[in-house]
Amino acid sequence: GAGVSQSPSNKVTEKGKDVELRCDPISGHTALYWYRQSLGQGLEFLIYFQGNSAPDKSGLPSDRFSAERTGGSVSTLTIQRTQQEDSAVYLCASSSFHPNEQFFGPGTRLTVL
Amino acid sequence: GENVEQHPSTLSVQEGDSAVIKCTYSDSASNYFPWYKQELGKGPQLIIDIRSNVGEKKDQRIAVTLNKTAKHFSLHITETQPEDSAVYFCASSRGGGADGLTFGKGTHLIIQP
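As you go down the protein sequences, you meet chains A and B in turn.
Just so we're aligned: the first sequence equals residues 28 to 140 in this note's numbering.
Just so we're aligned: the second sequence equals residues 1006 to 1118 in this note's numbering.
Think of the hints as simulated: they come from the structure by calculation, not from any bench.
Hints may contain errors.
Partial list, computed: chain B residues near chain A (C-beta under 10 Å) [claimed, not checked]:
{"id": "1", "residue": "LYS1047"}
{"id": "2", "residue": "SER1090"}
{"id": "3", "residue": "PHE1094"}
Not everything, but these chain A residues come out facing chain B in the computed CB check (under 8 Å) [to be verified]:
{"id": "4", "residue": "GLY43"}
{"id": "5", "residue": "TYR62"}
{"id": "6", "residue": "GLY78"}
{"id": "7", "residue": "GLN129"}
{"id": "8", "residue": "PHE131"}
{"id": "9", "residue": "GLY134"}
Don't be surprised by glycine CBs; every beta carbon is placed ideally from N, CA and C.
Using the sequences and the hints, build the whole thing.
Listed below in structure tokens is the structure:
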């Protein structure tokens, strides 16, 4: 069956521009997660959705980061006024319920010039 | 918050030998411990997990052990093969809360032919 998909796979942007990253979870999965992986580092948890609600947004690095989920399915992660330190791979995962096995997408590689 | 330490950062073993990767965690409330394998350019793939009511779990050549008293868990790979070469991440989660997984920084496993 279809796994978690993310788009775009690569995004190059200029410092100060806004970017939007998309995640399509596995069909029927109610929980959705965003993580950030900087070069050679482990994964940093950003935010979690149960349905369309995000109980805790404190993992987001700054107020330039926001995320939403609509219809209990697709989620978007938006980064405003991008900075060079935002360059990383942004990974999305979904699970059938929280907490349970999380299945990851291939990630979006963001490069801020 | 939770802190997960992972060792070693790089591990080189001869094909056919065993590999062991160790992790420690700080939050005694953590009760779910997955291991992920990440190949270059791909998202992490869940390979095995263990919950706190179990001390050991095995799946073919892969096993995980958990010592809740000492707050550490380990991944054991026997009869290593070239396709086992990848970066392996341990992680932990409390479960039940609005938190994601806390990851270790990863182990680069190299299988020497």
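For each hint, the structure was consulted:
Using the Cβ-Cβ criterion of 10 Å, the hint placing B:LYS1047 at the interface with chain A is satisfied: the shortest such distance is roughly 6 Å. About 17 Å separates the beta-carbon of B:SER1090 from the nearest beta-carbon of chain A, more than 10 Å, and the hint is not met. Among the interface hints, the one on B:PHE1094 holds; its C-beta lies about 6 Å from the nearest C-beta in chain A, closer than the 10 Å criterion. With a least beta-carbon distance of about 28 Å to chain B, the hint placing A:GLY43 at the interface is violated under the 8 Å criterion.
Given hint, A:TYR62 at the interface with chain B, holds; its Cβ is 7 Å from that chain's nearest Cβ, closer than 8 Å. With its C-beta approaching chain B no nearer than about 12 Å, A:GLY78 sits outside the 8 Å limit, and its interface hint is violated. Interface hint at A:GLN129: satisfied, since its Cβ lies 7 Å from the closest Cβ of chain B, which is below the 8 Å cut-off. At a threshold of 8 Å, the smallest CB-CB gap from A:PHE131 to chain B is about 4 Å, leaving the interface hint in force.
Look at A:GLY134: its Cβ gets to within about 5 Å of chain B, closer than 8 Å, so that hint holds up.
This entry does not satisfy hints 2, 4, 6, going by the numbered hints stated previously.
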